[in-house]
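J.: Sequence:
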Amino acid sequence: MKIATWNVNSIRAREERALAWLAKEQPDILCLQELKLEDEKFPTLAFKALGYDSATFGQKTYNGVAILSRAPITEVERGFEDGVDDAQARFIAATTSGLRVLSAYMPNGESIASEKFRYKLTWFERLAAWLGPRMARGNTLLLGDFNVAPGDLDVHSPAVLTGSLLCSEPERAAYRKLLALGFTDALRHLHPNERIYSWWDYRMLGFPKNRGLRIDHVLITADLVPRLTRGWVDREERKGKQPSDHAPVLVEVKG
DNA sequence: ATGGCCAATTTTATTGGA
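Residue 215 in our numbering is what sits at position 215 of the first sequence, and the numbering runs on without skipping anything.
Calculated from the structure, these hints are not laboratory results.
Do not rely on the hints blindly, as some may be mistaken.
Estimated spans, in silico, between C-beta atoms of each pair [to be verified]:
hint: 1; residue 1: D82; residue 2: R176; range: 17 to 23 Å
hint: 2; residue 1: A113; residue 2: W232; range: 33 to 39 Å
hint: 3; residue 1: E77; residue 2: K41; range: 19 to 25 Å
hint: 4; residue 1: R227; residue 2: A128; range: 22 to 28 Å
hint: 5; residue 1: A113; residue 2: L181; range: 26 to 32 Å
hint: 6; residue 1: D85; residue 2: K209; range: 41 to 47 Å
hint: 7; residue 1: A23; residue 2: A180; range: 35 to 41 Å
hint: 8; residue 1: G151; residue 2: L181; range: 16 to 22 Å
hint: 9; residue 1: G51; residue 2: M204; range: 38 to 44 Å
hint: 10; residue 1: E115; residue 2: A49; range: 38 to 44 Å
hint: 11; residue 1: K241; residue 2: M204; range: 17 to 23 Å
hint: 12; residue 1: P133; residue 2: L50; range: 32 to 38 Å
hint: 13; residue 1: T229; residue 2: E125; range: 29 to 35 Å
hint: 14; residue 1: E110; residue 2: R176; range: 20 to 26 Å
Note that beta-carbon positions come from the ideal geometry of N, C-alpha and C, so glycine has one too.
All chains, full assembly: derive it from the sequences and hints.
T.: So, in structure tokens, the structure goes:
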């Protein structure tokens, strides 16, 4: 079973590429982030034509997440339903192919001193609270754009960037708190000593110079770790005309 | 070659992304 996550940076701008990528790569499940449109404008039928069922939690202009699957999708939950007044569509959960799949788009944070940074840290806490009572279920994957580069191997210039946005200790602590709930970072588990990036800045020749960060992650519960056979970033998808600034991250799970 | 920001909207500037 092949499972992927991809921040497409607007599904409208990326529809053709996303369809072509699905047709070529044929993942069983694909989580999307940054749809940047409402549910009724999501190209449901185009994905259906390729054999993918979809569940979306969209929002005009900003955010928006989805789960696509070759198998039927059930038990959909949108947002945390935790009583917090929050208009940002950043989280969707669903069951498909016998797995519990969570697609998340963590807040960027803007800058360390900003109000948005506090919102980011609070959002991680809300996610952890949502996950807490649900971890015992196991069989769960949390995939998405975490907007956190967990360690030096996830950063092109750690000497310069450590402490700045996406690489700060509070963000990394929030990320580790998710792991402590019982998740394993699938790619880092398979590649403990490799530099891996999933995002490259559009500006300043970020991709040609390979100045990237690994901020898109696939976390899996402990019961899935023995089934994990492969994990990688599809860098090819960052090339060519009108790419997203993120590349898809994929894992393979036996059975 | 992998190329000098991009996408959406408030559109000919501004905002947010990371």
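J.: It remains to establish, for every hint, whether it holds in the given structure.
T.: Taking the hints in turn, this is what the structure says about them:
Checked against the hint of 17 to 23 Å, the pair D82 and R176 passes, with Cβ atoms roughly 22 Å apart. For the pair A113 and W232, the supplied restraint of 33 to 39 Å holds, since their beta-carbon distance comes to about 36 Å. Look at E77 against K41: about 21 Å separates their beta carbons, and that is inside 19 to 25 Å. At roughly 24 Å, the beta carbons of R227 and A128 sit within the given window of 22 to 28 Å.
The beta-carbon spacing between A113 and L181, approximately 28 Å, falls within the hinted interval of 26 to 32 Å. As the Cβ distance of D85 to K209 is approximately 42 Å, the hint placing it in 41 to 47 Å holds. Separation of A23 from A180 is about 39 Å and conforms to the stated range, judged on CB atoms against 35 to 41 Å. Checked against the hint of 16 to 22 Å, the C-beta distance between G151 and L181 comes to roughly 19 Å, which is consistent with it.
Between G51 and M204 the C-beta distance comes to about 39 Å, which sits within the given range of 38 to 44 Å. Here the CB-CB span from E115 to A49 is close to 42 Å, well matched to the stated 38 to 44 Å. Separated by about 19 Å at the C-beta atoms, K241 and M204 satisfy the suggested range of 17 to 23 Å. Look at P133 against L50: about 35 Å separates their beta carbons, and that is inside 32 to 38 Å.
Here the CB-CB span from T229 to E125 is close to 33 Å, well matched to the stated 29 to 35 Å. Distance hint check: the CB atoms of E110 and R176 are about 22 Å apart, consistent with the given range 20 to 26 Å.
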